[in-house]
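Engineer: In the order they appear, the protein sequences are chains W and V.
The first sequence runs 1 to 144 under this note's numbering.
The second sequence runs 1001 to 1350 under this note's numbering.
Treat the hints as calculated values from the structure; they're not laboratory data.
You may find that some hints are simply not true.
[Claimed, not checked] With a cut-off of at most 25 Å between alpha-carbon atoms, the simulated SDA-like pairs for lysine to any residue come out as follows:
(1) V:Lys1034 <-> V:Phe1251
(2) V:Lys1034 <-> V:Leu1129
(3) V:Lys1034 <-> V:Glu1168
(4) W:Lys84 <-> V:Leu1096
(5) W:Lys84 <-> V:Cys1265
(6) V:Lys1034 <-> V:Leu1114
(7) W:Lys84 <-> V:Phe1251
(8) V:Lys1034 <-> V:Ile1327
(9) W:Lys84 <-> V:Trp1106
(10) W:Lys84 <-> V:Ile1327
(11) W:Lys84 <-> V:Ile1249
(12) V:Lys1034 <-> V:Val1091
(13) W:Lys84 <-> V:Leu1232
(14) W:Lys84 <-> W:Ile95
(15) W:Lys84 <-> V:Leu1081
(16) W:Lys84 <-> V:Tyr1237
(17) V:Lys1034 <-> V:Asn1326
(18) W:Lys84 <-> V:Asn1326
(19) V:Lys1034 <-> V:Ala1315
(20) W:Lys84 <-> V:Ala1235
(21) W:Lys84 <-> V:Asn1244
(22) V:Lys1034 <-> V:Trp1106
(23) W:Lys84 <-> V:Val1266
(24) W:Lys84 <-> V:Ser1173
(25) W:Lys84 <-> V:Ala1315
(26) V:Lys1034 <-> V:Arg1064
[Unchecked claim] Computed Cβ-Cβ distance ranges for the label pairs, DEER-style:
(27) W:Asp14 <-> V:Gly1125: 40 to 46 Å
(28) V:Gly1231 <-> W:Ala68: 44 to 50 Å
(29) W:Tyr36 <-> V:Leu1334: 42 to 48 Å
(30) W:Leu94 <-> V:Ala1100: 37 to 43 Å
By construction, the Cβ of each residue, glycine as well, lies at the ideal position given by its N, Cα and C atoms.
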Amino acid sequence: MARFVCESREEFLDRLRALVDAGTDPENIRVRMPFYVPEALQVLGEGPDRLRFFALFGGIAGFGSGLALTIYSVLSWPIIVGGKPIVSLPPFLLIGYLLTILFGALGAFAGFLLLARLPSGRSLAADAEFPERFVIAVETGEGA
Amino acid sequence: MITVTMSRGTFPFYFLALVVAVTFFEYGGLVAGKGSLLMTLVFWTTLLQGAIAAAAVADLVGARWITVLRRQIMAAYPLLLVPPLLLILLVPRLDLYPWAEAPGQWLNVPFFLLRNLALLLAVYGTGRLYALRSLRGDPRTPRSAVFYLFAFVASQTLVAFDWVMSLEYPWISTLFGAYFFVEALYAGLALAGVLCFLLPPRQGEGLAAEEVKPLRDIGLLLFGFSVLWGGLFFAQYLLLWYGNLPEEIQFIARRLESLPLRALCVLFLAANFLVPFLGLLGRRAKRSDRVVGAVAAIVLAGFFAERLFFILPAAPMPVGILLVENILFFAFWLLTVHSREYLLPAGTES
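Starting from the given sequences, assemble the full structure and let the hints guide the process.
Structural biologist: So this is what it looks like as structure tokens:
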């Protein structure tokens, strides 16, 4: 594994551009930044954030689960309340809405952990070694 | 392509022509229905007050999009004088209200006119002060924005309680006032969205090319307001549905039993909640002026359908006159915004 340590943001970006221009596969490049530098993602050609799909599908699953839970419950214990039909959607929408938010939020959090490969015992570089520097690591082979 | 423009000298004449035209269509004896003036008044009061209110909120919180659309939105502030004039024109139509025959302490014709006129004039006064200060970049702008918003909230609450809810007297819903002013803000943002599409801000108006970009914030706000509107509508509906009390439920039951009104209900639910929610969910849709403009136009159509849903059963109206009056208003609003360079003092801010 080749490793480059840069002191400044500009030096880091120049080095990153040079690596990508030289034909290094962005998939093999790992970067570590003391603060977020959006240009680095542009250089690496990262696609749009996939996290939103976790939130979207979590939300849809939550809405479906909310409706399923309420409808299953009232069909299992059918008690007529206030002369309303057994399956009456208006109050069930509330449960569906609440579970949309819950599952959407949990889905987004789970997606964040998955995409960020957390929790992980294996880190790019030891924390103490490069506290305020930019680090570029290029993986050269399997198991590097 | 609009080629007619107004100047400060000709504006009052155009204004007078609008009022005379509305009076002619309303009282010219063309048709029998009485509700069209009320419907036009309610709809345009919401739109005109809401647009300035959306700008005032944006000024208060320091939103970026208002810098781009400030002159377009503020150009319509003189139109805030239209609702008080139309309210005076509405006086012969006040027999539409069931309380007119048996006036009470709150609902009687003189007090009704007095409080509504006073509030509409207060909205005009504070709106004028706010618009002029905001255009000048005056440091006292936030204070006048707060005054305007107070007047706006009070006025829209009275629009809800006095103009619309009392048509169904003694039916009451305490949420109606809040529902109306949130809707007015939503409608104001939708109007800003339509503006982006119809009269896009030009680079020559003190704007650099990259400054035109923050228009996508309007898409984001429309999306957010669709959820808020859906929540308020649902909160109101759920309580009526659960309680199932005859004096409360008759308002909805009467409107949902016949077909045209039931279709209107589906239409405005789709237009004010489903279309903006699903249409503006994607990131790319929010960045497209065309998509935001189209969704905003659908939202405005939804509000029209919703107001019709509230007012039509209590005050039957001829569709032709209703359309003519609203097209006249739309044309006048567009003409005012189009002529902004001649109507407003030269701006120094961007």
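Engineer: When the hints from earlier in the document are held up against this structure, which numbers fail?
Structural biologist: 2, 4, 9, 10, 15, 18, 25, 26, 27 and 28
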